[in-house]
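Kindly produce the complete structure, drawing on both the sequences and the hints.
Here the protein sequences line up with chains D and R, keeping their order.
All you need for this note's numbering is the position in the first sequence, starting with 1, plus 4.
Anchor point for the second sequence: position 139 equals 124 in this note's numbering, and the numbering is continuous, going up by one each time.
Mixed in with the good hints there might be a few duds.
[To be verified] Think about it this way: if two alpha-carbon atoms lie no more than 35 Å apart in a straight line, the pair counts; the simulated DSBU-like pairs of lysine-lysine are:
1) Lys130(R) with Lys287(R)
2) Lys(-5)(R) with Lys461(D)
3) Lys30(D) with Lys351(D)
4) Lys85(D) with Lys81(R)
5) Lys30(D) with Lys287(R)
6) Lys443(R) with Lys322(D)
7) Lys408(R) with Lys342(R)
8) Lys510(D) with Lys234(D)
9) Lys227(D) with Lys531(D)
10) Lys406(D) with Lys80(R)
11) Lys81(R) with Lys88(D)
12) Lys169(D) with Lys(-5)(R)
13) Lys3(R) with Lys461(D)
[Stated by the list, open to error] Only some residues are given here: those of chain D computed to face chain R with a beta carbon under 7 Å:
14) Asp56
15) Ala60
16) Glu61
17) Ile62
18) Met66
19) Thr69
20) Asn130
21) Leu143
22) Pro148
23) Ile156
24) Pro454
[Stated by the list, open to error] Sample of chain D residues lacking proximity to chain R, with all beta carbon distances greater than 10 Å (derived):
25) Met19
26) Glu111
27) Phe151
28) Ile326
29) Trp341
30) Glu483
31) Leu538
32) Pro586
Rather than coming from a laboratory, the hints here were simulated on the basis of the structure.
Cβ coordinates follow ideal geometry from the N, Cα and C atoms, glycine included.
If you want the building blocks of each chain, they are given just below.
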Amino acid sequence: MSIYDQFNFKPFQAMTEDDYHFIGFKSGLEVHQQLMTEKKLFCRCPAGRYSDYYNAEILRHMRPTLSELGEYDGTALMEFKTKKEIIYRINYDTVCTYEMDDTPPFEMNEQALDIAIEIAMLLNANIVDEIHISRKQYLDGSIPTGFQRTAIVSVGGWIPFKDRKINIIQMSIEEDSCREFSDVGHQRVYLTDRLGMPLIETVTAPEMLTPFEVADVNNILRKLVRTTHKVRTGIGAAREDVNVSVIGGTRIEIKGVHRIVRIPLLTYNEARRQWRLLQLRDELNRRGITENTFSAYYTEVTKLLRNTSYQPIYNAIKSGEIVNCVTLRNFKNLLRWETQTGTYFSKELSDRVRVIACLTSLPNIIHSDSPSESLLSSEWQHIKKFVGATEDDSIVLVWGNKEDAETGAKEIIIRAKEATIGIPSETRQALRDGTTGFERILPGPQRMYPDTDLPPKKISQERIQIIREKLPVQFWNYEKWFKQLQLPENLIQELACSKYTKVFEKAVTQLKVNPKLTAVVLIEYPKKLKKKKLDIAKLTPEIMLELLTAHSEGQFVKDAFLPIMENIIKIGHFSKQNLPKPLTRFELGKKVDNILKNYNDLKINKPEKKIDIYTGIIMNQLRGTVEGQQVKTLLTMIFNGD
Amino acid sequence: MNNESFKGYKGIALETLKKFDAKIWSDVEIETKETVFTGIILPRSETADEFHIVLKLPTGYNIGIAASKIKDIKINGRKEAHYKIPEKEFPYDPKKPRVKLFGTGGTIASRLDYRTGAVIPAFSPGELYGSVPELADICNLETEKLYGVFSENMGPEQWIGTAKKVAEEIEKGVQGIVIGHGTDTMHHTAAILSFMIQESPVPIVMVGSQRSSDRPSSDAALNLIHSVKTAAESDIAEIMVCMFGPTSDVYGLLHRGTRVRKMHSSYRSTFRTIGDIPIAMVDREKITPLRNDYKKRRSDKKVILKPFFEERVGIVYYYPNMHPDIIYSMIDNGYKGIVIAGTGLGHVNKPLYPALKKCQENNIAVYMTVQTLWGYVQMYVYDTGRDMMELGVVPAANMLPEVAYVKLGWALGQTNDLEEVKKIMLTPIAGEITEREPSNGYLIYQGGIPEVEEFISKYKK
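So this is what it looks like as structure tokens:
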């Protein structure tokens, strides 16, 4: 009995850790993170300016080329089959002749490289001694050169997770690609504003063992890079590719996941798809279909369907297109084999036809395993007889212009045959419903090529030293310390990733300010001020340190923090003038006496609360110039007649 | 020890590799102070430093490891690169025209070179079909490698050699000729071939690429298709340059060999016809003539070959404050001809006059062209121009400076009689001097102007 017969997938919520262990769920991440630089990576265009407006368009095609080791990449050849026309929309303000691939690259943005090195250090990685820029082929057109300039910055590394470490394979610095605007038929349109922006790609080992672990690790990585405060945030600034496999499966890359919360369902569905495809392979083998005995062919059946009432085919034939019928021997009912939630094996065929034959308007295939939804049963019978299909076979119809319908039929046969082997290596798109769809064949190392336009770049020890001196402490180490300091749980996480960590460290260890107070001032107060729509970016770490220093020197009491911070935002800097001066003992006594006189006839129902009530009244008037505790002590003396 | 085994390495990097007997292409584990790297040792560019070893990681990326950090190298095997475009025999179809493709070098067919780290030219017939199979739909292609040089290294020897080969091929009865060439000096070669090969019965098309063919976005394939199509099918029996019209993959332009110039250091659409309009447009489907005064294809195999060149000729690009010593130096070095690229209508400063006079006395041919590129030399408008003509400087009409240079070399290669030279120089042979300049021969769009922007936004340029 095959292992795949011993377990049937449960619904998402019902899956347990043991279940994932049984199927051998393994997942790794490739996290792309844009860096916060003023300019792009290999030219001097501004980074981070997005606009759909464009001044001009250019048109290009891509052709596969050989890798450094003299091999063609499978993805490249697949993309070439699609014969796509690529249109780039050019906005003069964000794109120069470099991104258009009409000018060689300028030297790498040093600011971006420094940030990448900093992050490599946070990942506990080994920084390479010499950076070699490579070209990673992308024939989908997402980069006008046909390749992405990319370079390894560090190798190895780890981050702590639960009671173990998740290993990092490598981290590279690279230029971002275009944003896809549309992809219809043989034409794909790209916006170029994002093109060339610097980003890093961090690749983890496939060591996450459940879908939830993938999301958790992703969150750690995201938090870690944000502690540099030199990365971009917001929509599209961080994007994940998620690799998933099960026992006996294949590494499948799910591309372009924008939100971490979607990862668990996506990876669950992908694991399920792989499991179901492996079960399908077993079923095919039971039917005697193997890679060697697989039999399929296609026949043109246009003339049989001239009068069909099925609109898509009727319209196609009317506009001069043709219909091909693929016969898959012995496949009966297997096109209705469920692969993902509500998704069937026929979708695997349809996806290939959509992407490779560019038959993008759906449905692009119909098949005899779901006969009632399209043609009349007499039409199915007629076609089956014509192409020589038996009751045990499945037939699939694909229509389009002659060339595309032919590519489509061939792709259907290729994909059906792959089912006898297992799971083809693919990159898959994340879809809204948590399932995935075919995007392209998974590229291999063959697509790498050294960049002949730029020489290798040495990373000097001096450079590493300078960066290391300013390196933030890894947030998990801060979290440990904050727990020891018994900071409130809700402040620990935020403070550990905040830009004020160094300020906190100094205030607590050197200035001896109360840790909890410092945390509240650095985390809670800015939030309060933000709610008032104030620009809290003006509260720079330097200013906050000045402020905490002044407090530690007794220049103002803790209650004065908030109004002073508000004033800083208004005037743009911290001024020691006009600070609410703490009252001297003498001044305090006089003021308290005066206030008490006004409240002589106050009726107190609960005498035990008398001191608290009067403290409240007095603080309302003197807040910012005296600590509450001081008032309380004074009142205790007065009322208890000491 | 064989140098090839450690190609490109020197100093401490070489010593380290030798110590562990780790030759290039070895599949290795390298242990450093901090970690262990796995990968293949690659050759190193000779211009790179002596401190690092290049490793290709299993992911396909390359990195450099400081040799000084290496503690051990364990060798697990070997994987040598065989960089070869799948070669396929070019299919023969008796119904298709025969086209000959000559290779001289350049990026039209190129691959990686470890010596310089840059691309070097490579050329083989089967490779071309392997990478651009569309060529077989157009013609029966034969290829022959004449040279393998960067275009800046093309010179009289190569010009003469190429001209002879082309003439030979025409006499054998070919339907068209394509010459692959580096783009930097393609217009020099196009011009000299226009003088050396006259009255060709078939198209002679020069082609290159601005983005090397080792990149997916290369213009090489489309340029090749355009040029081969022109050679096989067009009725234009002239020497032409066939390169991108716009930067988009839309169409190519066929420029007359004597009026064309490379105008941008890196753009795809770098070649422009100067002071006139191109002969035709070409795309995958058709050739669209833009004029009809070109020389038409003939069915005979006759051609006039004049493979001459005098090397002691130079161009002087005039600038304010130029001192006459530059000219004197040329006289002292035995130059026989000088082309001046003068300012405006064709001027140089007064201090140069004595030097020009000495040229006249020494029987040196001096011709005036304009560094504005567009427009004619006109030396009558100002007195200074007349003074210079008195000193023997001959205005070269609207010949481009580079064209005047190769033509002067070619003329002096045939005769030392300056009157004869003058006759050759001022008699148009292949459109290098035109009687009139149509006003659309000078169009440089000024970006930013509303009507230009409107045009740009409408077409894929």
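Verification of the supplied hints:
This hinted pair checks out: lysine 130(R) and lysine 287(R) have alpha carbons roughly 24 Å apart, not beyond 35 Å. Between lysine -5(R) and lysine 461(D), the direct Cα distance comes to roughly 18 Å. Compliance with the 35 Å bound is thereby established for this hinted pair. As the CA atoms of lysine 30(D) and lysine 351(D) are separated by approximately 24 Å, the hinted pair is consistent with the 35 Å bound. With a CA separation close to 26 Å, the supplied pair lysine 85(D) and lysine 81(R) stays within the 35 Å bound.
For the hint pairing lysine 30(D) with lysine 287(R), the CA-to-CA distance comes to about 73 Å; that exceeds 35 Å, so the pair is violated. Taking the CA atoms of lysine 443(R) and lysine 322(D), the gap is about 33 Å. The hint holds against a cut of 35 Å. Between lysine 408(R) and lysine 342(R), the direct Cα distance comes to roughly 21 Å. Compliance with the 35 Å bound is thereby established for this hinted pair. Distance check on the hinted pair: lysine 510(D) and lysine 234(D) sit about 22 Å apart at the alpha-carbon level, within 35 Å; holds.
Simply put, lysine 227(D) and lysine 531(D) have alpha-carbon atoms about 19 Å apart, close enough for the 35 Å limit, and the pair holds. Simply put, lysine 406(D) and lysine 80(R) have alpha-carbon atoms about 25 Å apart, close enough for the 35 Å limit, and the pair holds. Between lysine 81(R) and lysine 88(D) the alpha-carbon distance is near 28 Å, which keeps this suggested pair within the 35 Å criterion. Between lysine 169(D) and lysine -5(R), the direct Cα distance comes to roughly 40 Å. Violation of the 35 Å bound is thereby established for this hinted pair.
For the hint linking lysine 3(R) to lysine 461(D), the alpha-carbon distance of about 24 Å falls within 35 Å, and the restraint holds. Because the beta carbon of aspartate 56(D) sits about 14 Å from the nearest beta carbon in chain R, more than 7 Å, this interface hint is broken. About 5 Å separates the beta-carbon of alanine 60(D) from the nearest beta-carbon of chain R, less than 7 Å, and the hint is met. Look at glutamate 61(D): its Cβ gets to within about 5 Å of chain R, closer than 7 Å, so that hint holds up.
Checking isoleucine 62(D) against chain R by beta carbon gives a least distance of about 5 Å; that is within 7 Å, so the hint holds. Satisfaction of the interface hint for methionine 66(D) is found here, the shortest Cβ-Cβ separation to chain R being roughly 4 Å, below the 7 Å cut-off. Restraint check, threonine 69(D) versus chain R: the minimum CB separation of about 5 Å is within 7 Å; hint holds. Hint on asparagine 130(D) holds. Least Cβ distance to chain R is approximately 5 Å, under the 7 Å limit.
The interface hint given for leucine 143(D) holds, since its Cβ lies 6 Å from the closest Cβ of chain R, which is under the 7 Å cut-off. Checking proline 148(D) against chain R: minimum C-beta separation of about 6 Å stays under 7 Å; hint holds. For isoleucine 156(D), the interface hint holds, the least distance from its beta-carbon to any beta-carbon of chain R being 5 Å, beneath 7 Å. Evaluation of the proline 454(D) hint against chain R yields a held restraint, the C-beta minimum of about 6 Å falling below 7 Å.
A cut-off of 10 Å between C-beta atoms confirms that methionine 19(D) is not in contact with chain R; the least separation is 31 Å. The non-interface label for glutamate 111(D) is consistent with chain R: the shortest C-beta to C-beta separation is roughly 15 Å, beyond 10 Å. Its closest Cβ contact with chain R, about 6 Å, brings phenylalanine 151(D) to no more than 10 Å, contrary to its assignment away from the interface. Isoleucine 326(D), annotated as away from the interface, keeps every beta carbon of chain R farther than 10 Å; the closest lies near 22 Å.
At the 10 Å boundary, the C-beta of tryptophan 341(D) stays outside the reach of chain R, the nearest C-beta of that chain being 34 Å off. Every Cβ of chain R is farther than 10 Å from the Cβ of glutamate 483(D); the closest lies at roughly 26 Å, confirming the non-interface assignment. With a closest Cβ-Cβ approach of about 41 Å to chain R, leucine 538(D) is found to remain outside the 10 Å limit, as its non-interface label requires. No beta-carbon of chain R comes within 10 Å of the beta-carbon of proline 586(D); the shortest separation is about 54 Å.
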